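J.: If you want the building blocks of each chain, they are given just below.
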Amino acid sequence: MNFTELTTQLEQLFPGRLNCYTQFGCNFVRVKDHAVYKDVLRALKEKFSFKYMVDVVATHWPKKTDKFEITNNLFSIENKLRVFVKLSRPDHVFPTITDIWKGANFMEREEYDLMGIVFEGHPDLRRVLLPDFFEGHPLRKDFPLKERKWFNKTDEQRLGIKFTK
Amino acid sequence: MQNINNNVAEVVTVNMGPQHPSTHGVLRLVVDLDGETIVNVTPDVGYLHRGTEKLAENRTYHQFIPLTDRLDYLSPLSNNLAYCLAVEKFFGVKIPERADYMRVIYAELSRVASHLVWIATHALDIGAMTVFLYAFRERERVLDMFECATGQRMTSSWIRIGGVRDDAPEEFFRLAKSFVDEFDGFVDLYENLLTNNRIWKMRTIGIGVLNADDAQDYGTSGPLMRGAGIDFDLRRDEPYCCYDKFKFEVPTQPEGDTYARYKVRMKELREANKIVAQALENLPEGPVMTDDPRVAMPSHEDVYERMESLIRRFYLISKGFRPPKGETYQGIEAPKGELGFYIVSEGEERPYRLKIRAPSYVNLGVLNHMAQGHMLADLVAIIGTNDVVLGEIDR
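These protein sequences, in sequence, are chains A and B. Here the first sequence stands for residues 1 to 165, numbered as in my numbering. Here the second sequence stands for residues 1 to 395, numbered as in my numbering.
Derived by calculation from the structure, the hints in this document are not laboratory data. Keep in mind the model is a prediction, meaning the values are calculated, not measured. Honestly, I wouldn't trust all of these hints.
[Unchecked claim] Per the computed footprint, the stretches of chain B lying under chain A, defined by three or more beta-carbons under 8 Å from a beta-carbon of chain A, are:
no.: 1; stretch: 44-51
no.: 2; stretch: 209-216
no.: 3; stretch: 338-351
no.: 4; stretch: 354-362
The beta-carbon is built from N, C-alpha and C at its ideal position, and this holds for glycine as well.
Make a model of the complete structure from these sequences and hints.
T.: Here it is as structure tokens:
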């Protein structure tokens, strides 16, 4: 099965709710209606054998109305086909896909940590790379690159390290 | 003592790491133990966190290449390759054939170097010292080759957007040919020491079993997935560079335990060696850098002779180039699994968003699933078999 066949079959299942296109050799499926987002993903896994969960990417678009975007990178080993499923939302709350792919757990925690996206229904939403008391989410566009005042006095005491000059 | 008498399980929390040698860098594992049996493992990463993805948004495309070396520092040239292929997808640049072959040689030698560190440290964790010494001896020879070709042993930043930086000297090909001829013998040596070794078998067979469904569900790739019996290799299934021109096999093992992954990696060493041998034999002549002016730096000879080239070079260095608006992704079969770069471009000199799909990070996510129910001593074997490099996890 190639991407054109997949597109026609997906269009039949979810008429008018998807936008499928190819860009720079990559296949994208944009979900326009967020109510069917998880149904699309479940259909991809169960009907079209997209069993290999590759990655979850979050993008911040502060100038657009849909400020946050999630891209799920999926691969079908049977059909040797890669598909990116996209969903945009005006706020930072997204449905989790950990109940479809277990591996999404760790990937979504990273996006929660660095981009500040809350995945509703995630079983273990904690920071991964940064300490729990870290304020802000570094990969958001409004987080400055040369911000140095990360830790305050109590954090220094808690860690027993002096961070400020 | 009272608890033991009453047969009530008491869960004890033990910290492994962050600086324990078997945790391969700065990985801290919070292990919940019931006696000596693992109930739960929580990996705690973030000690190295350097914010590479944020840095990428504030650098030009060329300036980011040296940072990719620092991700998986045991196979820097594979990281260069994945990043450059992703950027090249924006332009659809045609890469000269010789450059493609050189990239394959570098990528496969990186795989050899990375797997040699893996077999060395994994065997050392489990208690086999000799393999460590042998494998590092051979790795030195691979690093000598990299030093000869790129001038650096570890962080070479040699693969550029549009080709490779420069052609390799004759000495490199001489070293590579002699290494390729001898390497199968070295792998035989490691296998003699380990494959039928009774202690090795008892420590690895049935440990950390990952079945085929879970391997895909958790998103693991590379030897973890092939060790679970899934016949999947991006070099063959989503070809990049010129891998379709080489004959090689994708080794798989159905058992999914630590021993199976060991066998897969040993076979991969031989296959990588085979690919290097073929590439060295059929290496075409010609340039190693594309002449596409959108991405390629003009050569120094051109810069000295032509004003336009000087301006172009100055512009590329100071400003960088602008890919068209859009998003693209390229994954390669790195030694540890699928390494991919997802780049969002807004038509500017800097990537709008760059996401690294790091195999080590995803492989660490499955650690808890693999370790539950095993002994604490087996956890060392399971971390080793996952082959994590913390530079890649923490980014």
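J.: Next, verify each hint and record whether it holds.
T.: Here's how the hints hold up against the structure:
no.	hint	verdict
1	44-51	holds (count 4)
2	209-216	holds (count 3)
3	338-351	holds (count 4)
4	354-362	holds (count 4)
Taken one by one, the earlier hints all hold for this structure without exception.
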